[in-house]
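Peer 1: Sequence:
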Amino acid sequence: MMASNGGRTDNQPYSIRRSLLFRTEYRAFWTELQSVPGWSAPAARWAPLRRGVTPRFVADEVETLFIAPVTMESEIREFLRGYDRRVINNPSLTTAGVLILLFELEGSLHILFTKRTDFVEHHKGQVSFPGGVRDDSDPDIVATALREAEEEVGLPADSIEILGIYDDFATPTGFVITPAVGYISRLPRLEANNREVEEILEVPVDFFLNPQNERVVEMERNGRLHDVYFYTYRNGIEIWGATAFILRSFLKSIFPQSALS
Numbered sequence: 199m200m201a202s203n204g205g206r207t208d209n210q211p212y213s214i215r216r217s218l219l220f221r222t223e224y225r226a227f228w229t230e231l232q233s234v235p236g237w238s239a240p241a242a243r244w245a246p247l248r249r250g251v252t253p254r255f256v257a258d259e260v261e262t263l264f265i266a267p268v269t270m271e272s273e274i275r276e277f278l279r280g281y282d283r284r285v286i287n288n289p290s291l292t293t294a295g296v297l298i299l300l301f302e303l304e305g306s307l308h309i310l311f312t313k314r315t316d317f318v319e320h321h322k323g324q325v326s327f328p329g330g331v332r333d334d335s336d337p338d339i340v341a342t343a344l345r346e347a348e349e350e351v352g353l354p355a356d357s358i359e360i361l362g363i364y365d366d367f368a369t370p371t372g373f374v375i376t377p378a379v380g381y382i383s384r385l386p387r388l389e390a391n392n393r394e395v396e397e398i399l400e401v402p403v404d405f406f407l408n409p410q411n412e413r414v415v416e417m418e419r420n421g422r423l424h425d426v427y428f429y430t431y432r433n434g435i436e437i438w439g440a441t442a443f444i445l446r447s448f449l450k451s452i453f454p455q456s457a458l459s
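In my numbering, the protein residues as written are 199 to 459.
A hint or two may mislead.
[Unchecked claim] Pairwise CB distance ranges (calculated):
hint, residue 1, residue 2, range
1, Leu423, Gly305, 39 to 45 Å
2, Ser335, Asp425, 16 to 22 Å
3, Arg275, Glu304, 20 to 26 Å
4, Ser357, Glu416, 40 to 46 Å
5, Glu416, Lys450, 17 to 23 Å
6, Pro454, Leu423, 26 to 32 Å
7, Arg275, Pro386, 37 to 43 Å
8, Ser335, Gln410, 43 to 49 Å
[Stated by the list, open to error] The calculated lysine to aspartate or glutamate pairs, modelled on EDC-like cross-linking and capped at a C-alpha distance of 16 Å, are:
hint, residue 1, residue 2
9, Lys450, Glu304
10, Lys450, Glu389
11, Lys450, Glu394
12, Lys313, Asp404
13, Lys313, Glu389
14, Lys450, Glu273
15, Lys313, Glu397
16, Lys313, Glu349
17, Lys450, Glu412
18, Lys450, Glu348
Note that these hints are calculated values from the structure, not bench results.
Quick reminder that beta carbons are idealized off the backbone N, C-alpha and C, glycines included.
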């Protein structure tokens with residue numbers, strides 16, 4: 199049974215999407231600023247850029263560029279802190295934890311995925327978040343997600359800042375999945391566990407926010423039709439199923455003004 203209903207609270211922040219778009223739109227600004235003769239980071243606050251751009255404007259834009267990643271991190275943390283998440287208590291389902299890991303790469307927010315090998319027990323060859331079934335030795339579901347991430351890709355558990363926990367999701371295959379949302383400013387060198395992980399994927403959030411990269415297929419299960427979401431990434435890699443469903447729900451929650459319907 200469900201212990202509580204998930205949903206957006208009235209006080210959730212709405213500026214996360216704006217912060218992300220700001221960094222994308224002003225990447226050209228940053229490049230142009232660096233080309234100014236005599237430019238240096240300390241002097242950037244007063245660097246003249248072009249006619250009509252005042253020193254105050256430059257100061258504002260440079261300051262925003264530097265603080266945007268921290269702002270997004272803190273706003274996502276605040277959103278999850280006030281979020282009335284869905285909790286599923288069903289002893290017949292197997293408990294699993296996954297890690298939605300957000301990180302900065304080349305000036306944009308990314309999410310970490312793994313493509314599973316054909317040697318694993320469940321979901322062979324599929325793309326998923328790092329994660330797996332909870333062990334009896336795991337003190338909580340966050341520990342499960344962190345342990346699995348370290349086992350699968352060598353990501354040190356103590357390097358991840360946990361921002362919060364998102365909704366529980368029940369799958370048709372008999373699992374209840376709890377996503378822990380984590381953040382790291384820069385990924386360390388990762389090494390895939392060759393038995394479990396075929397490939398490590400670092401996908402920009404903007405890829406999923408573009409509706410042109412999403413397709414919906416009606417699939418039948420247990421006599422009912424369900425919408426199944428697919429994202430085709432590079433080299434034809436498909437992100438779909440429970441992973442795509444969880445991802446889409448999460449992004450709709452933290453980027454409510456996105457084009458996701």
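Peer 1: Please name the hints from earlier in the document that this structure breaks, with their numbers sorted from lowest to highest.
Peer 2: Of the numbered hints, 2, 7, 9, 10, 11, 12 and 18 do not hold.
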